[in-house]
Amino acid sequence: KNEVEQSPQNLTAQEEEFITINCSYSVGISALHWLQQHPGGGIVSLFMLSSGKKKHGRLIATINIQEKHSSLHITASHPRDSAVYICAVSGNQFYFGTGTSLTVIP
Amino acid sequence: KAGVTQTPRYLIKTRGQQVTLSCSPISGHRSVSWYQQTPGQGLQFLFEYFSETQRNKGNFPGRFSGRQFSNSRSEMNVSTLELGDSALYLCASSLGTGMAQETQYFGPGTRLLVL
Numbered sequence: 001k002n003e004v005e006q007s008p009q010n011l012t013a014q015e016e017e018f019i020t021i022n023c024s025y026s027v028g029i030s031a032l033h034w035l036q037q038h039p040g041g042g043i044v045s046l047f048m049l050s051s052g053k054k055k056h057g058r059l060i061a062t063i064n065i066q067e068k069h070s071s072l073h074i075t076a077s078h079p080r081d082s083a084v085y086i087c088a089v090s091g092n093q094f095y096f097g098t099g100t101s102l103t104v105i106p
Numbered sequence: 001k002a003g004v005t006q007t008p009r010y011l012i013k014t015r016g017q018q019v020t021l022s023c024s025p026i027s028g029h030r031s032v033s034w035y036q037q038t039p040g041q042g043l044q045f046l047f048e049y050f051s052e053t054q055r056n057k058g059n060f061p062g063r064f065s066g067r068q069f070s071n072s073r074s075e076m077n078v079s080t081l082e083l084g085d086s087a088l089y090l091c092a093s094s095l096g097t098g099m100a101q102e103t104q105y106f107g108p109g110t111r112l113l114v115l
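So the sequence lines, in the order shown, correspond to chains A and B. The numbering of the first sequence is this note's numbering, which starts it at 1 and goes up by one. The numbering of the second sequence is this note's numbering, which starts it at 1 and goes up by one.
Everything labelled a hint here was simulated from the structure, so no lab data went into it. Think of the CB as a built atom: it goes at the ideal place given N, C-alpha and C, for glycine as much as any other residue. Treat the hints loosely; a few may be bogus.
Away from chain B, derived, C-beta distances all over 10 Å, residues of chain A [what the hints assert, rightly or not]:
(1) I19
(2) N64
(3) D81
(4) N92
(5) T98
(6) P106
Just the calculated beta-carbon pair ranges, DEER-fashion [stated by the list, open to error]:
(7) A:S71 <-> B:L115: 26 to 34 Å
(8) B:E52 <-> A:I65: 19 to 27 Å
(9) B:Q54 <-> A:R58: 23 to 31 Å
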């Protein structure tokens, strides 16, 4: 049983395309996190949200608590956005999605 | 401010041995969490420490243990290593008011290979 489901697993986009990654969860949470992992392993936290919407540069994250669903949007994608994006939910512990591998082609 | 540091970065051990990994959090951060990442299982939560006390725990066997010191530095220990323990072990720190609602700052990880 996966507490966090992400889609798609893999995504290839042309530069400047609008990208959406989806995350659904089945447990009660205190917050939802979007993480970015580049080759080599380093993980960066992009967003932490418990309601509504957050925006940072070209990245937008939304969450619908009633539907237990979140989306990460990347506007005007760029090759440097190529990475694995991981959705995680936190309560008494962390549950992670399996990640979405994004490749942006120039 | 220096980021989260982990030592060693790479480690090779044999089955049955034990290993200790170290994590130094960002200055001022009091919470340290540990995670295991494998190709098959992805990222999994091991445990969280705050003020030298384990505050939350994931679903790992007792061979996995940790501790936190008064300066917030943390260590995790894996005893009786198995091949399946080969993984990237990540730690993350946060201010400490509550792991569930805090941004996590991740270290570079320790890559452990068990032969």
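Hint-by-hint comparison with the structure:
1. I19: The claim holds: I19 of chain A sits with its nearest Cβ about 21 Å from chain B, beyond 10 Å.
2. N64: holds (18 Å)
3. D81: holds (19 Å)
4. N92: violated (5 Å)
5. T98: Nearest chain B Cβ is 5 Å from T98 of chain A, so the label is violated.
6. P106: holds (28 Å)
7. A:S71 <-> B:L115: 26 to 34 Å: violated (42 Å)
8. B:E52 <-> A:I65: 19 to 27 Å: violated (34 Å)
9. B:Q54 <-> A:R58: 23 to 31 Å: At roughly 39 Å between Cβ atoms, R58 of chain A and Q54 of chain B fall outside 23 to 31 Å, so the hint is violated.
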